[in-house]
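Engineer: Add chain B to chain A, keeping to what the hints say.
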Amino acid sequence: MILLLSAVVAGIISGIYFNVYIPNNLTTILLMFLVFSVGVDIGSEEKILSKLKINMKNILFQSILTILGSLIFGSLAIFFTDLNLKEALGASAGFGWYSLSGVMISNLYSPVLGAISFTANVIREILAIILIPLVAKWSPLGAASIGGATSMDTMLGVIAKSTNKETTLIAFGQGVILSLSVPVLITIIF
Amino acid sequence: MMVGILIAFLIGIFIGLKGWLKWLKKIKPVLWSTVLLLFFMGYEIGNDDTLLFQIKEIGFTALYIAVFSIIGSILFTSIYEKFFKKEKTK
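Taken in sequence, the protein lines are chains A and B.
Position 179 (the first sequence) corresponds to 179 in our numbering; numbering is contiguous.
Position 41 (the second sequence) corresponds to 41 in our numbering; numbering is contiguous.
For reference, chain A alone in the conformation it holds in the complex (with noise of 0.2 Å):
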């Protein structure tokens, strides 16, 4: 994550001190390039399939009510800030997958916007590293929900930490899930 952190703050320094022309198209290709690659992570998990088979009806129910949860109550956004809804439910749809969401919607929409769905989907992601194992005495689902599309990857140890195996599973369904619904309700929305 500092890693990224870093590119977007030499991305920003190089901007305003030096003047080159980036053509549309590397952008463009570039994030096809990144989609791609995580389509052949995700695909090449050959466990995965079968796993997700046992605790589908669980998974769904998880996945459907985190989304409508991150849409419904981040778009109540647009009550706080200057955000229309297609912007707060835009910024809301990354879940956690900040790189993704932010690279996207600085692609389709505008950077300005990119770049608050970078920093929400950041903020995400650090107060799920806080926030799963207090909320997980109370409820595991509720949990692994704050994850979002990261309870696949980066937050997956979290959880499996702070709940049990059959959490742990959802958790990681939910979040391929949502993995997959990122681009698909971002190409959506914008």
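If you're looking for bench data, these hints aren't it; they were derived computationally from the structure.
Warning: the hint list may mix true and false statements.
Quick list of in silico lysine-lysine cross-link-like pairs, PhoX-like style, CA-CA up to 25 Å [said to hold, decoys possible]: (1) Lys137(A) - Lys161(A); (2) Lys53(A) - Lys82(B); (3) Lys86(A) - Lys56(B); (4) Lys161(A) - Lys57(A); (5) Lys137(A) - Lys85(B); (6) Lys161(A) - Lys18(B); (7) Lys28(B) - Lys18(B); (8) Lys82(B) - Lys137(A); (9) Lys165(A) - Lys53(A); (10) Lys82(B) - Lys57(A); (11) Lys57(A) - Lys137(A); (12) Lys57(A) - Lys85(B); (13) Lys161(A) - Lys53(A); (14) Lys82(B) - Lys165(A); (15) Lys165(A) - Lys85(B); (16) Lys82(B) - Lys161(A); (17) Lys86(A) - Lys53(A); (18) Lys53(A) - Lys85(B); (19) Lys165(A) - Lys86(A); (20) Lys53(A) - Lys28(B).
Chain B regions said to be covered by chain A (calculated; three or more residues, Cβ under 8 Å) [as the list claims (entries may be wrong)]: (21) 6-16; (22) 21-27; (23) 37-46; (24) 63-72.
What you are looking at is a predicted structure, and each value in this text was computed from that prediction instead of being measured.
Built from N, CA and C at the ideal position, the CB exists for glycine as well.
Structural biologist: Coordinates of chain B only, in the frame set by chain A:
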């Protein structure tokens, strides 16, 4: 472009399922393409003077989005857990 991204994603999953391109992981393409993209994202922010004035707002706006999203996620899933989830630990 949007369609292109989704197609790239689906092709990626297909190739992953087929077990091709396993060597790809070693060079961490996700990480490096992300670093580059985030750098360009930052560059666009830095290169836009009107945008720089908004940077303080971005932090607060982002905080609202993050906190509300988390509250919603916890609320919805914990209600499901308490009232509807039937299968217990196997």
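Engineer: If a hint holds in the structure, say so; if it doesn't, say that too.
Structural biologist: These are the hints, each one checked on the structure:
no., hint, result
1, Lys137(A) - Lys161(A), "holds (12 Å)"
2, Lys53(A) - Lys82(B), "holds (23 Å)"
3, Lys86(A) - Lys56(B), "holds (21 Å)"
4, Lys161(A) - Lys57(A), "holds (23 Å)"
5, Lys137(A) - Lys85(B), "holds (17 Å)"
6, Lys161(A) - Lys18(B), "violated (32 Å)"
7, Lys28(B) - Lys18(B), "holds (19 Å)"
8, Lys82(B) - Lys137(A), "holds (13 Å)"
9, Lys165(A) - Lys53(A), "holds (15 Å)"
10, Lys82(B) - Lys57(A), "holds (16 Å)"
11, Lys57(A) - Lys137(A), "holds (23 Å)"
12, Lys57(A) - Lys85(B), "holds (9 Å)"
13, Lys161(A) - Lys53(A), "holds (23 Å)"
14, Lys82(B) - Lys165(A), "holds (18 Å)"
15, Lys165(A) - Lys85(B), "holds (16 Å)"
16, Lys82(B) - Lys161(A), "holds (21 Å)"
17, Lys86(A) - Lys53(A), "violated (34 Å)"
18, Lys53(A) - Lys85(B), "holds (17 Å)"
19, Lys165(A) - Lys86(A), "violated (37 Å)"
20, Lys53(A) - Lys28(B), "violated (29 Å)"
21, 6-16, "holds (count 10)"
22, 21-27, "holds (count 4)"
23, 37-46, "holds (count 10)"
24, 63-72, "holds (count 10)"
Hint compliance for this structure: hints 6, 17, 19, 20 are broken, all remaining hints hold.
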